[in-house]
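Trainee: Sequences and hints are given; from them, build the entire structure.
Going by my numbering, the sequence shown opens with residue 88, and the numbers climb by one from there.
A portion of the hints provided could be inaccurate.
[Said to hold, decoys possible] As a list, the in silico DSBU-like pairs of lysine-lysine whose alpha-carbon atoms are at most 35 Å apart:
| # | residue 1 | residue 2 |
| --- | --- | --- |
| 1 | K444 | K263 |
| 2 | K332 | K444 |
| 3 | K283 | K313 |
| 4 | K283 | K213 |
| 5 | K313 | K263 |
| 6 | K304 | K263 |
| 7 | K283 | K444 |
| 8 | K283 | K414 |
| 9 | K304 | K283 |
| 10 | K213 | K313 |
| 11 | K447 | K414 |
[To be verified] Simulated restraints on C-beta separations:
| # | residue 1 | residue 2 | range |
| --- | --- | --- | --- |
| 12 | Q201 | C456 | 44 to 54 Å |
| 13 | E356 | S221 | 40 to 50 Å |
| 14 | A302 | Y255 | 20 to 30 Å |
| 15 | P395 | L279 | 42 to 52 Å |
| 16 | G359 | Q201 | 37 to 47 Å |
| 17 | C456 | A254 | 43 to 53 Å |
| 18 | S252 | P416 | 38 to 48 Å |
Honestly, the hints are just simulated from the structure, not real lab data.
We put the beta carbon where it would ideally sit given N, CA and C, even for glycine.
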Amino acid sequence: WTAFLNLCFSPRGRGLHPLDVWSWVPRRIWGSESHQGPGLSQLVTPRLALSTQISRTQLDGHAELAAIDRAALGPCRNPDVLRGLGEACGLVSAQAPTIPQSRTGACCTPRRKQLAFVLYNDQPPKSRESDSSSRGHTKGVLLLDQEGGFWLIHSVPNFPPHASSAAYSWPPGAQKYGQTLICVSFPLTQFLDISKQLTYTYPLVYDHRLEGDFAQKFPYLEEVVKGHHVRQGPWNSSVTLTSKKGATFQSFAKFGNFGDDLYSGWLAEALGSTLQVQFWQRSSGILPSNCSGAQHVFDVTQTAFPGPAGPAFNATEDHSKWCVTPKGPWACVGDMNRNQREEHRGGGTLCAQMLWKAFKPLVKAWEPCENKSRAFSLGSPAGHIRAKVQGPMWT
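Mentor: Quick look at the structure:
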């Protein structure tokens with residue numbers, strides 16, 4: 088089938104399961120059938136380019152790329168969260184029929200009544216903003232109830248739609264190029280740190296709802312909704328977050344006053360490792376690979392699924408934003424590119440060691456500091472040499 092693939096990572100044996108979180112993702116979400124009940128962990132969805140075709144046999148043969156362990160194919164969704172999210176955003180009526188149980192075994196729990204959500208995107212759908220360049224280059228969704236919620240970080244412009252639209256839609260411009268979405272559920276207390284991180288990334292909030300006492304419980308979130316940001320240095324912040332299932336993530340966030348590249352100016356040193364960074368390269372002022380520090384930062388020029396039949400993509404076909412440490416153990420998914428303008432904009436990334444096994448094999452070629460593309464193995468494609476190209480006005 089044509090690969091509108093969204094891969095749900097489910098590391099067994101580490102307390103992780105496909106989520107009781109639903110993120111706005113097109114077509115199917117593939118996941119593990121080992122899910123035995125509600126309770127989230129994480130969803131990571133690398134979205135392949137529209138033109139890619141990949142067989143089910145091919146995907147099964149390289150399942151280690153799509154999951155920390157070998158994930159079975161099947162829908163990854165939780166009916167209760169589909170309903171809760173839909174109601175929160177006006178997409179589903181409270182009187183709507185019960186959503187059928189998925190074959191992942193996810194079971195329905197009582198519908199949650201008091202919800203809060205925040206939708207933010209530097210390129211929001213149907214925006215009245217004439218210029219969002221002063222805001223952070225950051226895209227995501229927060230959804231909370233009185234027990235916890237999820238944080239969705241993604242790379243998709245004009246997405247998701249406003250709550251008032253009362254309908255789901257996937258932006259037409261996002262069908263051609265690769266995207267990443269990572270969605271993690273956290274206990275309620277973790278949103279104190281998450282909302283503070285957003286005061287550094289300075290997101291453009293285009294829709295929100297803070298019901299009941301959410302504004303009092305999360306004063307930083309209320310500040311973010313009002314368009315406020317951190318007022319004094321340090322201009323970057325790193326916090327450790329623990330998901331509902333006990334998985335550990337490291338969040339890195341910077342404000343525009345940080346004045347440097349997220350990856351070469353901070354992340355490589357913080358993780359203590361060289362980085363290979365995948366980002367959108369159809370923009371001006373692209374930063375070249377950087378070998379000036381103890382830890383080097385290389386621009387990925389080509390990604391691919393391993394094997395002779397695995398599809399390959401140039402960086403100019405891929406709007407996703409992620410990085411890996413070549414020798415382990417980290418992988419990060421975020422919303423920032425490597426270009427001059429974004430040195431002076433807010434943004435961040437979410438890192439976890441459990442993601443490394445999934446993302447590491449995807450890097451096929453990168454640009455070394457001597458400005459040549461280097462492939463991982465002799466005889467494989469040399470990779471894309473960066474050139475000026477015409478493309479959508481995305482960032």
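Trainee: Hint by hint, note whether the structure agrees.
Mentor: Each hint tested on the structure:
| no. | hint | verdict |
| --- | --- | --- |
| 1 | K444 with K263 | holds (26 Å) |
| 2 | K332 with K444 | holds (19 Å) |
| 3 | K283 with K313 | holds (14 Å) |
| 4 | K283 with K213 | holds (27 Å) |
| 5 | K313 with K263 | holds (34 Å) |
| 6 | K304 with K263 | violated (41 Å) |
| 7 | K283 with K444 | holds (30 Å) |
| 8 | K283 with K414 | holds (31 Å) |
| 9 | K304 with K283 | holds (12 Å) |
| 10 | K213 with K313 | holds (19 Å) |
| 11 | K447 with K414 | holds (9 Å) |
| 12 | Q201 with C456: 44 to 54 Å | holds (53 Å) |
| 13 | E356 with S221: 40 to 50 Å | violated (27 Å) |
| 14 | A302 with Y255: 20 to 30 Å | holds (27 Å) |
| 15 | P395 with L279: 42 to 52 Å | holds (49 Å) |
| 16 | G359 with Q201: 37 to 47 Å | holds (42 Å) |
| 17 | C456 with A254: 43 to 53 Å | holds (48 Å) |
| 18 | S252 with P416: 38 to 48 Å | holds (41 Å) |
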